[in-house]
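Trainee: Residue numbers (the numbering used here), protein chains in the order written: chain V, 32 to 565; chain W, 57 to 643.
Simulated from the structure, these hints should not be mistaken for lab results. A couple of the hints might just be wrong.
Unchecked claim - Below, simulated DSS-like cross-link-like pairs (lysine-lysine); rule was C-alpha separation at most 30 Å, straight line:
(1) W:Lys548 / V:Lys255
(2) V:Lys250 / W:Lys548
(3) W:Lys548 / V:Lys247
(4) V:Lys282 / V:Lys311
(5) V:Lys222 / W:Lys376
(6) V:Lys132 / V:Lys385
(7) V:Lys132 / V:Lys181
(8) V:Lys188 / V:Lys255
(9) V:Lys132 / V:Lys247
(10) V:Lys250 / W:Lys115
(11) V:Lys132 / V:Lys172
(12) V:Lys385 / V:Lys458
(13) V:Lys162 / V:Lys175
(14) V:Lys247 / W:Lys376
(15) V:Lys288 / V:Lys247
(16) V:Lys156 / V:Lys172
(17) V:Lys175 / V:Lys385
(18) V:Lys172 / V:Lys250
All values reported here derive from a predicted model rather than from experimental measurement.
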Amino acid sequence: MARTSTHRCWHGGYAWSAALAVIVCLVAPHSLSAQSSSESESEASNAEQEETSSTDGQDEGPTPEMALLPTHSIGDDISDLVPERIGEMLRKRAGSDDRLKLLSSFRNMRQEESQEGSVSQTIAKAREQYKSGIGLLNAGKFEKSSEKLKSAVELIKGNVADLREFDVLVDALAKLSRAYFEAGYDFDARKRITEYAHLRPNAELNPDDFPEGLRKIYKREARKVDQAGTSTIAVETDAEQATVWLDGEEKGTAPLKISDATYGYHYLVVKDPRGRSWAKRIQVPGRDRTRTFQPTLEGEGTDTADDSRASSASEDGGQQASEDDDSMPAFYTELRQRIEDGSFSADDVRPYFKEFADETGATYVAWVSMFRNDGSYTAAPFVYRASDGRIVRIERTDFNVQLSDLRVGVSTMSTNLVETTLEMPDKRAVQSVTLVEPEQDEKPEAVASSSAETSSESESVSSAPSDDTSTEPTSPPASPPEPAPKRQNRRVWTYVGIGGAVLAVGGLVAGGFALFGGDQSPSRPPGFTANVSW
Amino acid sequence: MQLWRHAPIRIVLWSSIVCLAAGLGGLGCSSDPIPAPTFEFELFGWTPHDGNNPRFVRKLRDYPGVETVNIQMTRPRIDDSGRRGSVRSQSMQDVTADGARLPELSFGSDLRFGFDLRNADDEIVASGATPLFDSNVQSSNKQFRVMLSPVREFTPVGARFRPEDKSSSRDWTYQPVAFDGPVEADLGRIGHVATPLGDGRVLVTGGGQLAGSGPGHPSNTPKMSRVFRELQIFNPEDGYVTNISFENRQDNPDRLLTGHAYHDVVQVSEQRFIVTGGLNRQDGETEPTRAIEVVDLSRDPGNRVDVVNDEAGQPLALSKARFHHTATYLESTRQIVVVGGVGAGGDGDILSSVEVIDLESREVRTVAQLETARAEHATVTIQDSSEGSALWVIGGRSAESALSSTEVVQLQSGGAQINTGGSMSQARYDMAIERIPVRPSSVAVIGGFTSIEDEGGAPTRLSEFGVIPERTWPDGSALQLEHARGGAHAFKLTQSDHIVVIGGRGPGGERAFVPEAEWLLANFEESPPFEVQGNVGTMYQARYQTTATHLNNGMILLTGGYGRSPDGPQALETLSYYNPGDIVGQQ
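Just chain V, with the same shape it has in the complex:
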């Protein structure tokens, strides 16, 4: 084919368009980066931070806080005593493993809450905030943690007369100072660790939990407390048999003098048997000085002897005690029923696990289902992770019917439980669980299908190709005739050219806006630099 001038021009156009596209792709980003280099840096660092925070809870593992549901049996051919005993031993064994923190049973948690009797709703809310703050702190979300912990501290301080466990406030102050410190709120961190030092001047701050800078501030304040010496706090009140607490420690009945009050801010609470109370945050000056308080107790108290909410601390059968009474919340009962059924889908049970985890503050929930397996008992543990709802099966453990291998078996099961929890491997993740009983002579088979296994099964059950050899290959449908090579070439270059032109225009318009439509002033430094030499 003869080359016409148009043809030559078009070939040239193809080349120019492609070259333009390349140049624009190289140049336009630079013009944008001149305006927004700092933005992209901060975005990158934000992305880094987000990435870091999103992987924090999963890869590097703060100590898992695990709730262990009661071990149960599937079917009627195992005595209740067996899972009960195995469950108790598992709780004890797993509870002693430093790699995770085992929470009390749900029943006990609820009993502890109810034992507090006159604990106000405010304190209960403060506890929630406190637990939530700790969780966020362990997950590395320091800013949010500080908000929760600060809320908890403020709620508690406003209701310190109702607080049964003063250590909650003290611990909240320490953790809040750490959250502030890690979030970069220096001044607030100092304030809180100073408060903590006044209340616990002899504490040892764990270097794993508290940065060196914070520990140094604590030591300095503790030294100040020590050097300032003690004061005498005198409490005089008209209320009869009023008990005096200082920082949660009972000191006696008023009128009294507390002669060893250390320097700093402390919490003085006075309560009488009728439930009236007075609480104040006091400043103790040290240097052998005396301060006198004459509180007037307030509030309508009730006779605690008649308090029907007074608890009994006794339990039946240890922590594996039955939790089937009607006082348990519905979600919990439903959860138990579904997993004890021996067959459930992960999607069905996740909402119940989530609510349970929210209620208890657990980051992991584990349970063990047991069934009879020919001449042995089989324990099939599972664990649920609250952060993403993943459910993972743990390696089964068999026990002989005489349970002579009970101790070894529980030890192995506990190890498997902890190690699998720390790892939460993909290959053990489950979407549905079916723990079936053997029918007649068939051996029992536990099948826990995972997405990987499902796909392999589906592959394995995919239909075989036809054996009908008589089938002749059909001729492929008619296709349009292949264009001549040169025309095809031309078409390709056409598309390249058009695409390049679009890229060129788009990139230049954007670059033009960035250069000429936006702020013409040179980029401003975000701050100044200090060079210190000594």
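Chain W: place on chain V using the hints.
Mentor: The following block gives chain W in isolation, referenced to the frame of chain V:
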């Protein structure tokens, strides 16, 4: 396909080429980013008394016992009505690192860099700070030299000097700073006044040298051999004292027209000061002056000293020559109220007149007579507003005795009314005075001399607290200092409410120095609202009749005064720091 023949395609392609050319051109013309300002901080130290002779150290790794250097950028609390101090940025470095770089620090105003040195037990061994500064995107690069000294101790003020026999710029040392001046002149002085400037520097005016061995009785007029007309400025950013009266301008130096010692200086604007009265030496005699002079540092060198002329073109002057008076600036009316003092008639000529220097109308008027003539009293502003102004005049001495009485000067348009205030429990003069931030507002009167007959003036340990709105002195609010002292200085620390008491003269003769500092620790829930902590630092060079100025780098600067020296007690030329360790975030 003949796409190129289509006009839209051609238009798009040529537009792209044009835009690309314009874009590339624009890129070429784009402005460079503004570089971030850089502030350089050079630290050096003065070592503590730890058995070895204290000294300056250039390298902080040589500072005894120091392990870490803590760097803080803060926005300190600046007054009782304003903000609380905050730490903006912090960095802790190993001392062996020899330096640190802190990039991208937030811009701001009234910032301060503080440094403290810590030992292995994380105890602060020494500290120091820059003056307040502002930083913004337009700031030029700055340099600071910061001296770190032991907390709650007195030290010499250090600056970097290059010895004259060294040629290399690196052959420099840190040396104590003294007043500046011609080599032949004796630089020690007494009776001078140090006034803080808003930018952290200090203006030192006048002063003189004593004739005879010492200042004599506290109530006697000092005999001066020389009275200076000099102006000197101390800059804590580099530690240097500059004599602006000898800045290569021998033909037209910035020098006061009259010598002034035991005078008063009031600041009327950021760079403008009014000097009133004081002692001058003329015709071989030491006598008070009526002179009123203006020092305006905003003007060009050579034109920074002037007078205020009245309508007739005559320089304003006090109606009566005086020294040991007080001068108080009332911003609402632009008036300076001059109260009492010692007149030209000798030690017994104690003045009762109240004069007003009116900068608006350019006149000086005598507006009232105190009920009791007094000198070496204290004056506290009760009210300064367009509706009216009032001053509380406290204590002082008459020709016969120390005074416990107080009077209120109520200024009205054109005149003033004098009312009687409550009396202190202790008559006193030449005492320290400081406002305390309680409600109702109050004032602490600390120490002072109680006698005219007693050889040493009988200084007292007693301090009292007066309620300003009521002009009373409630019972049970007094406390006793550790040391009796007259002529001391008191400063309320800005990051806490404690008061530091420095200097003064004790019981006995001229050599009754009181080198120990004391603290009044604030506890406003109690009465009295302070508790005394004695012996918080000892002057390394004991002195009294020194100036004491609270700088915005946190240090208290002492200049000159009558003190101990290797040649015996004399008017000193040296400057000294007291480091109260008033660190943001440490309270």
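Trainee: Now look at each hint and say whether the structure bears it out.
Mentor: A quick look at each hint next to the structure:
| no. | hint | verdict |
| --- | --- | --- |
| 1 | W:Lys548 / V:Lys255 | 22 Å, holds |
| 2 | V:Lys250 / W:Lys548 | 28 Å, holds |
| 3 | W:Lys548 / V:Lys247 | 28 Å, holds |
| 4 | V:Lys282 / V:Lys311 | 15 Å, holds |
| 5 | V:Lys222 / W:Lys376 | 56 Å, violated |
| 6 | V:Lys132 / V:Lys385 | 19 Å, holds |
| 7 | V:Lys132 / V:Lys181 | 24 Å, holds |
| 8 | V:Lys188 / V:Lys255 | 24 Å, holds |
| 9 | V:Lys132 / V:Lys247 | 28 Å, holds |
| 10 | V:Lys250 / W:Lys115 | 28 Å, holds |
| 11 | V:Lys132 / V:Lys172 | 20 Å, holds |
| 12 | V:Lys385 / V:Lys458 | 22 Å, holds |
| 13 | V:Lys162 / V:Lys175 | 12 Å, holds |
| 14 | V:Lys247 / W:Lys376 | 61 Å, violated |
| 15 | V:Lys288 / V:Lys247 | 33 Å, violated |
| 16 | V:Lys156 / V:Lys172 | 20 Å, holds |
| 17 | V:Lys175 / V:Lys385 | 20 Å, holds |
| 18 | V:Lys172 / V:Lys250 | 26 Å, holds |
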